[in-house]
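*Asks:* Protein sequences appear in the order of chains E and Z.
Per our numbering, the first sequence starts with residue 1, numbered consecutively.
Per our numbering, the second sequence starts with residue 1, numbered consecutively.
Simulated from the structure, these hints should not be mistaken for lab results.
The reader is advised that the hints may include incorrect statements.
Taking lysine-lysine pairs in the DSSO-like style, the calculated list, with each CA pair at most 30 Å apart, reads [claimed, not checked]:
1) E:Lys116 / Z:Lys286
2) Z:Lys372 / E:Lys157
3) Z:Lys372 / Z:Lys286
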Amino acid sequence: MATLVQVENLRKEFGNVRALDGVSFRVDAGEWIAIMGPSGSGKTTLINILGGLDTPTAGQAIVDGTDVARLDEAGLTRFRAEKIGFIFQQFHLVPYLTAVENVMLAQYFHSTTDEKEAQQALERVGLGDRIEHLPSQLSGGEQQRVAVARALINHPKLILADEPTGNLDEANEEIVLSLLRELHAEGHTILMVTHAPSIGRLADRRIEFAHGHLVQAAAASLKPELA
Amino acid sequence: MFWRLVFQLLRGSRGRLGVAILAIVSGAAVISALLNLDLGVQNKLTQEFRTLGANIVISPASGAPSQISGAEVPSLMPEHDVLEALQQLPSAQVSAAAPYLYIVARAQNIRVVVAGTWLDQLRKLDAAWKLEGNWVASHNDQSQCLVGRNVARRLHLAVGSPLELHYIDRSAQCSIAGIVDAGGTEDNQIFASLRAVQALANLPGQIGVAQLSVTGTTQVIADYTARLTAALPQYQVRPIRQVAEAEGALLGRIRLLIVSMVLLILILTALCVLGTMAALAMERRKDVGLMKSLGGSISRIVGLFLAEVGVLGAVGGLLGTILGAALAYWMGLRVFGTAISPRWEVFPATIALMIVVTLAGALPLRMLGNVKPAEILRGE
Numbered sequence: 001m002a003t004l005v006q007v008e009n010l011r012k013e014f015g016n017v018r019a020l021d022g023v024s025f026r027v028d029a030g031e032w033i034a035i036m037g038p039s040g041s042g043k044t045t046l047i048n049i050l051g052g053l054d055t056p057t058a059g060q061a062i063v064d065g066t067d068v069a070r071l072d073e074a075g076l077t078r079f080r081a082e083k084i085g086f087i088f089q090q091f092h093l094v095p096y097l098t099a100v101e102n103v104m105l106a107q108y109f110h111s112t113t114d115e116k117e118a119q120q121a122l123e124r125v126g127l128g129d130r131i132e133h134l135p136s137q138l139s140g141g142e143q144q145r146v147a148v149a150r151a152l153i154n155h156p157k158l159i160l161a162d163e164p165t166g167n168l169d170e171a172n173e174e175i176v177l178s179l180l181r182e183l184h185a186e187g188h189t190i191l192m193v194t195h196a197p198s199i200g201r202l203a204d205r206r207i208e209f210a211h212g213h214l215v216q217a218a219a220a221s222l223k224p225e226l227a
Numbered sequence: 001m002f003w004r005l006v007f008q009l010l011r012g013s014r015g016r017l018g019v020a021i022l023a024i025v026s027g028a029a030v031i032s033a034l035l036n037l038d039l040g041v042q043n044k045l046t047q048e049f050r051t052l053g054a055n056i057v058i059s060p061a062s063g064a065p066s067q068i069s070g071a072e073v074p075s076l077m078p079e080h081d082v083l084e085a086l087q088q089l090p091s092a093q094v095s096a097a098a099p100y101l102y103i104v105a106r107a108q109n110i111r112v113v114v115a116g117t118w119l120d121q122l123r124k125l126d127a128a129w130k131l132e133g134n135w136v137a138s139h140n141d142q143s144q145c146l147v148g149r150n151v152a153r154r155l156h157l158a159v160g161s162p163l164e165l166h167y168i169d170r171s172a173q174c175s176i177a178g179i180v181d182a183g184g185t186e187d188n189q190i191f192a193s194l195r196a197v198q199a200l201a202n203l204p205g206q207i208g209v210a211q212l213s214v215t216g217t218t219q220v221i222a223d224y225t226a227r228l229t230a231a232l233p234q235y236q237v238r239p240i241r242q243v244a245e246a247e248g249a250l251l252g253r254i255r256l257l258i259v260s261m262v263l264l265i266l267i268l269t270a271l272c273v274l275g276t277m278a279a280l281a282m283e284r285r286k287d288v289g290l291m292k293s294l295g296g297s298i299s300r301i302v303g304l305f306l307a308e309v310g311v312l313g314a315v316g317g318l319l320g321t322i323l324g325a326a327l328a329y330w331m332g333l334r335v336f337g338t339a340i341s342p343r344w345e346v347f348p349a350t351i352a353l354m355i356v357v358t359l360a361g362a363l364p365l366r367m368l369g370n371v372k373p374a375e376i377l378r379g380e
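From just these sequences and the hints, can you work out the full model?
*Replies:* In structure tokens, the structure reads:
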């Protein structure tokens, strides 16, 4: 499989705090990676850098041939629109837009909007009857499914999910995880931050962080390059 | 999708934007009312100047009133004095001239002001008068007269009606050639031949005033007035344009006051919008962080917000302008005693002003450009 993500000696400092300290690893296209570790270990910082939301202090973070560290503000904006699909723990839907408009918002910033396609994306996540509902009229699980539909609408190379089930009850957690399993089966590359070992085990590989270091990799196919 | 998003943004923040639109509507209403008043009053004054027609008046010097048949009347002057003086001066500059003798006579037993004059000169002297019927072609024609519209209504007169005037123990008859709509006190008067009125009042060769319409610049009129004064030292020669110029100076001061008030209101409106937008920008930080994470460039995101603000300014401006036109109409009637009609040019001007002011008030939205999506999504 071709390498989609290549991280080389990545470092990120916030003042005197090193959130990431010399992290290196690779992810092949189509892999599902679980990034695990305690709070403050650098998981979200890594996801933010790979998603172009933050820039590293040093090192390389190459996604689909693009070194995120070298992109300027405009380049990062295009990178996020074209290559990344985000799923956040707190859903982060625009409260005054309906479900379908939240999905179309991602289309709007990517290129052109297609309401029918956005509706189909919502139908795919089981929200065909919630298209015109506002986020406040949806349950937490339904809101997260809208976020999944929004993440997928532009066919991103990489799906970055930061604790996607962290705010969900057991039933909704299962719905979202089955969606991720489907996406993985279809060949999508997923990097998922999670605290829960049971969810981490669903991934092809697990990368564990502690104090900004990659400390452990599990599963046969793992290809860590410890600094 | 752009306008759909703008609409949803407006709907989503309707509470806070309601405060902004209230400020914009109020500001636009006052500005529109002031502009309508400014233009309307100016228009009214201009109309007044035009209907005034004559710009030089010759009258007896203020002194003791004359006695006629035992009754006290204003001072009079011999008609031939004035005519001789006029003949000595170049006539090319005088576009119209007419002597007047005013008396209060009775028609159908109702007291009415009768102006004896050269009826053929009225058309040139008072060009803005509207006339139903016909002008009188000769100033020697004593058989015809003109009546003001209020007199015609009160006495039930129509064009062609006979009219009999009584003064003490004398009377005169004429036929109504036309009904005058002057928009002033002339509507309450009857205009008859000077000779007929002089005969009626038993004041042959006497007049009360003479009016001249002299064409040219202020300097030309001033020169003509000076020469006329020299030719008629015993009478008062008064250029009406001086009054007009005084009115013009007053109008200038009113305009300065209105422009100052408009500027002040614009600044206050902008400050109010600024405060609302600063609060809105803080509220929108999370949305902007999210939009940036989805690949939204700051220009497209701020473009959405500016369009939202522009719509706010346009709608507020339109509502305010309509409200202001109604306010100006009401104020015109209550304060100036004349209806101020809405001026179409005030609409685009006020709306454009409100859009500009609202966009200026939206400066705090610039701070959204500094939003770091990672920090916002972390909840910082």
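*Asks:* Take the hints in turn and mark each one as holding or not.
*Replies:* Going through the hints against the structure:
Distance hint between Lys116 (chain E) and Lys286 (chain Z) is fulfilled; the C-alpha atoms sit about 28 Å from each other, no more than 30 Å. In summary, the hint linking Lys372 (chain Z) to Lys157 (chain E) is supported, as the alpha carbons are separated by about 23 Å, within the 30 Å threshold. Pair hint Lys372 (chain Z) plus Lys286 (chain Z) holds up; C-alpha atoms about 10 Å apart against a cutoff of 30 Å.
Every hint, counting from the list given before, is met by this structure.
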